[in-house]
Amino acid sequence: MQESPTQQTCYHCGDACTEHIKANGLQFCCNGCRQVYLLLQENGLCGYYDLQQVPGIKVRGRFAGNRFNYLDDETMQKRLSSFNTDTQVNIIFSLPQIHCSSCIFLLEQLNKIEPGIISSQTNFERKEIFISYDPRLISLKKLVQLLAFVGYEPDINQEASTGRPKRSYNRGAIAALGVAGFCFSNIMMLSFPEYFSGGEIEEPWLKQTFSYIILALSIPVLLYSSAAIFKSAFKGLRQGMINIDAPIALAILMGFGRSYYEIITGTGAGYLDSATGIVFFMLVGRWFQNKTYNALSFDRQYKSYFPLGVSVINNNKEENIPVTRLKIGDRIVIRNEEMVPADAVLLEGKACIDYSFVTGEQEAVRIEAGAMVQAGGKQKGSAVYLRVVKEPSQSYITQLWNNDIFSKEKNQDQSFIHPWSRYFTAVLLSIAFLTALFWAWHDPSKLLTAVTAVLIVACPCSLLLSATFTYGNMLRIFGRNKLFLKNAAVIEAVAGITDIVFDKTGTITQTGKASIQFKGQPLSIEEREKVRQAATQSAHSLSKALAGPYESSEAVGYIDAFEELPGEGLTASWGAASVKLGSNGYVRGLPAGKLSTAAEVHVKIDDAYRGYYEIQQVYRPGMGPMAADLLPFNLHVLSGDNDSEKANLQHLFGTDIPMKFAVSPQQKLNYVKELQGQHASVMMLGDGLNDAGALKQANAGIAISNDAARFTPACDAIMDGTVLHQLGAFIRFAKSGRAIVLASFILSILYNIIGLSFAVQAKLSPVVAAILMPASSISIILFVTLCSSAVAHRLGLGKN
Amino acid sequence: MSAFFILVGISMMVAGSFLAAFIWSVSSGQYDDDYTASVRMLWDNPPAGAKKNDK
Amino acid sequence: MQVEKFYYDNRTVKNFAYATIFWGAIGMLVGLYAALQLVFPQLNVTQYGSFGRLRPLHTNAVIFAFVGNGIFMGVYYSLQRLLKARMFNDTLSKIHFWGWQLIIVAAVISLPMGFTSGKEYAELEWPIDIAITLIWVVFGWNMFGTIIKRREKHLYVAIWFYIATLVTVAVLHIVNSFELPFGWMKSYSWYAGVQDALVQWWYGHNAVAFFLTTPYLGLMYYFLPKAANRPIYSYRLSIIHFWSLIFLYIWAGPHHLLYTALPNWAQSLGVVFSIMLIFPSWGGMINGLLTLRGAWDRVRDDVILKFMVVAVTAYGMATFEGPMLSLKSVSAIAHYTDWIVAHVHVGALGWNGMLTFGIIYWLIPRIFGTNLYSKKLANNHFWLGTLGIIFYAVPLYWAGFTQSSMWKEFTESGQLKYSFLETVTYMKPFYAMRSLGGTLYIIGVLIMVYNIYKTVKAGKLVANEAAEAAPMVKEAGMHKGEHWHRWIERKPVQMMVFSLVVILIGGAIEIIPTFLIKSNVPTISSVKPYTPLELQGRDLYVREGCYTCHSQMIRPFRDETERYGEYSKAGEFVYDHPFQWGSKRTGPDLAREGSGNLKKSDGWHFRHFREPSSMSEGSIMPSYEFMLHQELDTASTAARINAMRTLGVPYPKGYEQEANKDLLKQAGTIVNNLKNDSIRITPNKEVIALIAYMQRMGKDISKQQ
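Chains as they are written, first to last, in the working numbering: chain E, 1 to 800; chain G, 1 to 55; chain W, 1 to 705.
Check before you lean on any hint, since a few could be wrong.
[Unchecked claim] Okay, the calculated bits of chain G under chain E, using three or more residues with CB under 8 Å as the criterion:
| id | segment |
| --- | --- |
| 1 | 11-24 |
| 2 | 33-44 |
[As the list claims (entries may be wrong)] So the derived list for chain E, only partly shown, Cβ under 10 Å to chain G, looks like this:
| id | residue |
| --- | --- |
| 3 | Ile104 |
| 4 | Phe105 |
| 5 | Gln121 |
| 6 | Glu125 |
| 7 | Arg126 |
| 8 | Glu128 |
| 9 | Arg171 |
| 10 | Asn186 |
| 11 | Pro193 |
| 12 | Phe210 |
| 13 | Ile213 |
| 14 | Leu217 |
Read the hints as simulated data drawn from the structure, not as lab findings.
Computed from a predicted model, the values in this text were never measured in an experiment.
Note that CB positions come from ideal geometry on N, CA and C, so glycine has one too.
Just chain E, same shape as in the assembly (with noise of 0.2 Å):
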C-alpha cells in the first residue's frame, strides 16, 4: 500500500489529489473516498486495496437523503425481491460498476459492514449482485445507500424491476455442446479399432459390440444436440426459405440413417464419429458466434430513464410513491437533479429544466408558474411543486415509442449466407440426383451408397463454420477495442453502410466536460470554493461548466442573497462578501465585449475584478482525421442544440456536409427513413434518449457511452466515446469479414469437389470420410481465425 511521493494520486481511486486530504498517511482526492476508505478500514476489509491498484470508485458529491426514499414503498420491493419473507430477502442488482477483483471482494463481505445482511454474491459476468438480508435488521432503502455510499449504485429502473428475462439459453447450449463433445470423442475411440484393424478385428462379437456402444453413444447427439439445427431448418422451411441449417439437417439425418441403417443391418460400421462430428463442429460455431455481453443492455426502453418514485403531496403530507402509480392531477415535488415523470404543470417555484437529456438541447429553460414542464425533463435548483397533467406512458417523450419501429425486430441472424444456401442446396441435390441416375443405370446396388455419401460429404458444415467463426473472431476483436456489437448480423449491417449519421451533443462533443482556463491573477481555495457555489445556484450551461463536483472541505457557510440576470450573470452574496460572475459587459459594467473567441465568465469577488474562465465546448479528440478518413461515405450532423458550435463542426467536418441544428428526436428519426428512402443504408451514431429513435431506425444504431455499463438507448451496438475516432478503421473491419468468409466457402469448396469426387464414385470408405471431415472442419476454423485477427492488426485494431 505505497503511494508514489511524484504525483500525488488518491489512494482510493487513483484520480489526481489537487489538495491534502489524509488519512492514516494516505492521501485521498475527496473526502467522500476517504470516508469509504475510513469505513472499510474500520471494518477490516483493506484488502479491498491489496488485490488491486486503486480499485475504488470516486464518490460524486454527497447523496440527497431521500434520492431512495421510494424504496421504502411496499409494493417496490416485492416488484424488485426475487424471494420475500419476513426474516429473508432475497434481491438481484446490477452494478454496472464493477470492474476488478476487489469489487467482488467488498461487495460479498458486506456483510462485515452491515450484519443485516446475511450473504452477496457477485456476478461478474452480468456485473450483478445477489444478496440476501434480514428486512428486521436493514432496510431495502438503507441497504442501497450503503451500496451508493461505497461506490457501487445499483442500476435500478422500471425494466429491472419488473424482472429480467432468465438467459436459460446458455446452458442448453454448453449442455447440448458438452454432450455431443462426450459422444463424439469416445465414438473416435471406439472407431479407432476398426480403422487400425483395417476393419479385421480378431474376435468379430468384439467388433459387434464396438458398433453397437457407438450407436447407442450417438443417439443424444440426434435426439438432444442437434435439436437446435433441426429446429432453425424447420423454422426456414415454415417460412419457405430454404437456409443454411437445412442441407446440414439433411446432411445429419443421412449419416445418423446410413450409419444406423449399417450397423444394424451388419453390413458396415458407419461413420457416426463424422456424423456426430459435424453436430459437435457446428455447435462449437454457434457456441464461439455467441458472445453475449451480459452486463451490456443493447434494447433499453425509455422506462429506464425514469425515476422509479416520486414525492407525491397528499393533503400537506409528503409521500414517496413509484411512478407507475402517480395520477393525472397528483401534486408532486421536483428537486435539484430530479427529473420530471410526466407532463406536468408548475404550480410554484422557480423552474429550470434541462432537456438536454430528451432533446440534446444544451441551455436550461426558465419556466413560470402556469408553465408546462415535460417528462425527462431535469429541474435545476430549489425545488418545485408541479400538477400531474398526462399518465407518464401518455407523455410527449413516451410518444416516440410508440413509433412502429419500436415494436419491429431487426438485425436477427439473417445472414447473407443463408441466401446463399438456396441455391447451394439446389446444386446439391440435382449432383445427388445426377449420381442417383448414374448408378441405377450402371450398377443400382451402389446407388444407396452413392447417394448417402454425396448428400453427407457435400454438408455445407464448412461453409456455417467459417461464417460463425469469422463473426464470433471479429465480435471479439470488436470488443477488446470497445466496440461491443448486438450480434454477428450487425456486422454485416456495418459492412453494408453508404451513410453516417452523427449527433453532435455527446457524440462528438463531451457531456459536462468543458476546457476551463482561468485568466487573471489566481484565486484562492476558498474563493474558488465560493465561485462553485455561486455558479451551482445558475443553470446557465456556463455555469454548469464551473459549478464542478465537490472539492473542498473549506466552509464558506451559505449564500444569503442570489440574483441572477438571465443571458448576463449572477450575484452571490455571503453577508458582506460577494462574488459576480459573468459577461464582461455584465461584471465590469463596460461595454467591452468578448476578449476570445471561447465563452467566458468574468469574477469579480468583493467588488476586485479577478479575470476571466476561459470555457470551450470540447471535442472528443482525432474527430478531423475521422472525417477526413470516412470520405468515402456521406456524413450527415444532427444537432438538438442550437446552432452556436456551427463554425467549429464545419471547421472538423468541412463545409459541404449537411447539418441540421435544434432537431426534435421525431425529426432525427425522419431525417434517418427519408435518407433510407434514398437507398442508402444509414449509421446512426448519438447517445442519450434524443436519439433512440434514429438509432432504432438506421440499419446499424451504435450508441456512445462514456461507459459503456452505464445509460444507453436501444442500439444494434454500443462504442465507448474514446474510440469513435477509429470508426473508419471498425467499417473497414467489418467488410473485409465478407471477403473472409467468401474466400474460406472457396476453400470449403474445393474439401467438398474431392470430397464428392471420391463419393460419386461410391469409393468413399469411411476411413477417408472419418479424415476428410474433421480435417476440413479444423483447417477452415484456423484459415478464418487466422485472417480476421491478421486483417485487424493491419487495422491497428489488433493491439491489446
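We have chain E already, so just place chains G and W on it with the hints.
Then chains G and W, alone, in the frame of chain E:
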C-alpha cells in the same frame, strides 16, 4: 479379448457418470459465472471479530 | 436464517501432513537404498532386504503413502475452505486417517515378507486390497457428506478434480485387484496373460492419471492461486481442462504394451489417445504458469512459489514426454530401459514432490498460526531438490538411451555386438550418479523435516479454526429442514457416483468370471499348464519380485529375437495368473530361458542363484542363497492347483491329490542332475522349484516347431 469387454464397459460407465455430473453442473447453473469463483476462493472468511485482512 | 459460525478441522490436516512427511522420507530412503543395491549388489542383505522385495515397497510407499497422504492433506484443507464447511464427520476423518496409516504399515510389513500379487503398483495382497476399498469408501462418504452440507453453492474446479479422483481410483482398484484367494495373504489374479496385462496397464496408467495427476491438478488449482494471492489465469480454461480430461482419460493404458502380444489396433488406439492427451495436460500447465504472469519478481523471492513453478514445469515436461514415449518408434528404444525410470521420476520428484513440499511450507505455518521457521533452509531445500531431480534424471536418460542402442547393435558379421551382461556393467556409473541425485533430493527433504519441526515448535496448532459464512442461500422453491433422502432426489449425480462403487463390486463379481473362465485368446495346442513344481517355482518367482528386473516378453525386433529367441505370442500366456511380462530389463528377458540357445544346466542355475557373480562376472543380481535352505511349502500345492482350476486352467479333476507326487518326482530328477554336477541338495528346497520354472520357460512353443 473379453477383458476389453469389461474395460470398455466399465470405462463407459465411469465416463457416463461424469457426463451426468457435467449435465447436472451446467443445468444447476454452476457455470453461469466463470470468473467470480476464482477470486472468491482467494480469501477465507474469519469471523468479523478475528484477525483483520488488512496488513 | 443468519450467518453461521463454524470451525475448520485442522487436526486431521496436520496428521496427514505429518504422515506425508514421515512416509515420504521413508519411501525415498528405501528408494535410495534400492538404487544403491544396483551399484553394490552386496547390499541385498537377507531375503527381506533384496531388491525384488524392496522396489515394490519403494513404489507403494511413495505413491500411496507419500503422495496419498499428500492428497488427503491438501483435500482436507482446501475442501473445507472451498465449501465453507467443516468436514462432514470427525469420526470418519479419524477412521480415514488411521485406517490409511494401518494399510501402509501392513504394506511395509507384508511386502518385504514376500506377500505380493505380482502386479506392478498393485502388489498388495487381497486382505489389504479390501481394506483399501473400505477406507476409500470412508473417504468418499466424508467428502460427499461435506459437499452436501456445504455453504458455498459453486463447486470450485479443484473439487471436481477430487471427485474424479475418488470415483475413478475406486473403480480402477476394484477392477484390477480381482484375484482369487487360496489362502491367507495368497491369491492369483483372476485374469490371465494378455488380458491380465491389459487390465493391469489400464490400471497402471490410470493410476498415474488419477492418483498422481488429477488430485494434484486439483491441489494446484487451489494452492497456486492461494500462494500467489491472485486468481487462476483463466477459470474458464480450467473448467474446460477438467471436463475434456475426464471425458477421455479413461481410455489410457494400452500404450504401455506397444510391440507386445497385445492386438495391434489396441496398441495404436493407445498411441492416438496418448497424443491427444497433450492438449488438456498442457492446457492445465499453461493455466498454472500464466497465473504468475506479471508476478515473476515475487517468484524470485517467494520460495513456495518457486517450488510450485518447478512442479508445474515438471508436469509439463512429463506430460509432453509421455505421449512422445507412446510413439511406437520411440517406445521401441525407451521401453524396458532406465529412460522410463527417469520419466516417471521427473513426474514423481518434480510434479508430485515439489508441489507437495510447496503446499506443506504454505500450510503448516498457517494451521500453527506462526511463520515458517527459516526461509533460508526452505530455499536450500528447493535448490537441493531441483539439483537432485536433474542429477537423477539426466544420467538415467543417458543410460537408457545408451543401453538400448547397445542392445540393438550388431557387428558386420551380423552378430550381436554386446552380451547383455556387458550392457549391465556399463550402466553402473550411471546408477551411481542417479543415487547421488537421489541423495541430494533426500537431504532436501530432511532439511524440510527440521524446518517444519522448528516451525511447529514455534507455533501452536489451531485445531479448530473459526470461520463464518451464511448457509447456502435458498432460492424460492427450496425448503428448510429437508430429509436425508431429499438430496438424493435433488442430486442424482452424487447418488450415481455413490452407487457406482457398489454396483461395480456386485456387478463385476457377477459378470467377470463368466467372461474370463474361457478366454478367447487364440490358444496354442502345445501350450500346457505348469506342472505342480513349476507352478510352485513360478509363485516363488512372483514372491521374489523377479519381474522388477526381468521381462518375459520378447518384442518382434531383430536384436531381441536374436538374443532371446522367437518373439512372444499371446497364446503362450493363457495359464499365467498373474502375467509376468515385466516393464524393465535390468536383467535379461527370461521368456525363453528354458529353451533354445539360452538353455542352461540345472547346475548353472543352482550356482547362479547361490552367487550370481560366480556364473556371470559383474552381475548385479542379488544372491538367493536362502532358497537353498528354505523348505518348499508343498502343503499349499493342492490349494494352488484348485485355485488355478477355478480360474480355468485345465488340470484334470482330483489332480490336486497326486499333484505333490508329481512334484516330488520332478524335483527328484532335478536333484539327480545336480548330483551329477556334484551338488548335494534335498528335493524339498525352494531353489529346486525355481529351477524347474526356469527350465520350463519358452519350452512349449519350441516343442511346436
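Quick check on isoleucine 213 of chain E please, does its C-beta sit within 10 Å of some C-beta on chain G? holds, 6 Å
A closest beta-carbon separation below 10 Å is what the hint needs, so does glutamine 121 of chain E meet it against chain G? holds, 8 Å
Any CB of chain G closer than 10 Å to the CB of leucine 217 of chain E? Nearest chain G Cβ about 8 Å off; hint holds.
Would you say the segment 11-24 of chain G counts as covered by chain E, given the rule of at least 3 residues with C-beta under 8 Å? The restraint on the segment 11-24 of chain G holds, since 5 of its residues have a Cβ under 8 Å from chain E and three suffice.
Identify whether the interface hint at isoleucine 104 of chain E stands, where standing means a beta carbon of chain G within less than 10 Å of its own. Hint holds; isoleucine 104 of chain E Cβ to chain G Cβ min 5 Å, cut 10 Å.
Holds or violated: the hint that arginine 171 of chain E contacts chain G, with Cβ atoms closer than 10 Å. holds, 5 Å
May I ask you to test the interface hint for proline 193 of chain E with respect to chain G, counting a Cβ-Cβ separation under 10 Å as satisfied? At 9 Å from the nearest chain G Cβ, proline 193 of chain E passes the 10 Å test, so the hint holds.
Using Cβ atoms only, decide whether glutamate 125 of chain E comes closer than 10 Å to chain G, and label the hint accordingly. holds, 5 Å
Phenylalanine 105 of chain E as an interface hint toward chain G, with CB separation required under 10 Å: Holds - the Cβ of phenylalanine 105 of chain E comes within 10 Å of chain G, reaching about 7 Å at its closest.
Taking the closest Cβ pair, is glutamate 128 of chain E under 10 Å from chain G? Result: holds, 9 Å to nearest chain G Cβ.
Are there three or more residues in the segment 33-44 of chain G whose C-beta lies within less than 8 Å of some C-beta in chain E? holds (count 8)
Chain G contact restraint on arginine 126 of chain E - CB to CB distance below 10 Å: Hint holds; arginine 126 of chain E Cβ to chain G Cβ min 7 Å, cut 10 Å.
When the structure is compared with the earlier hints, no violation turns up for any of them.
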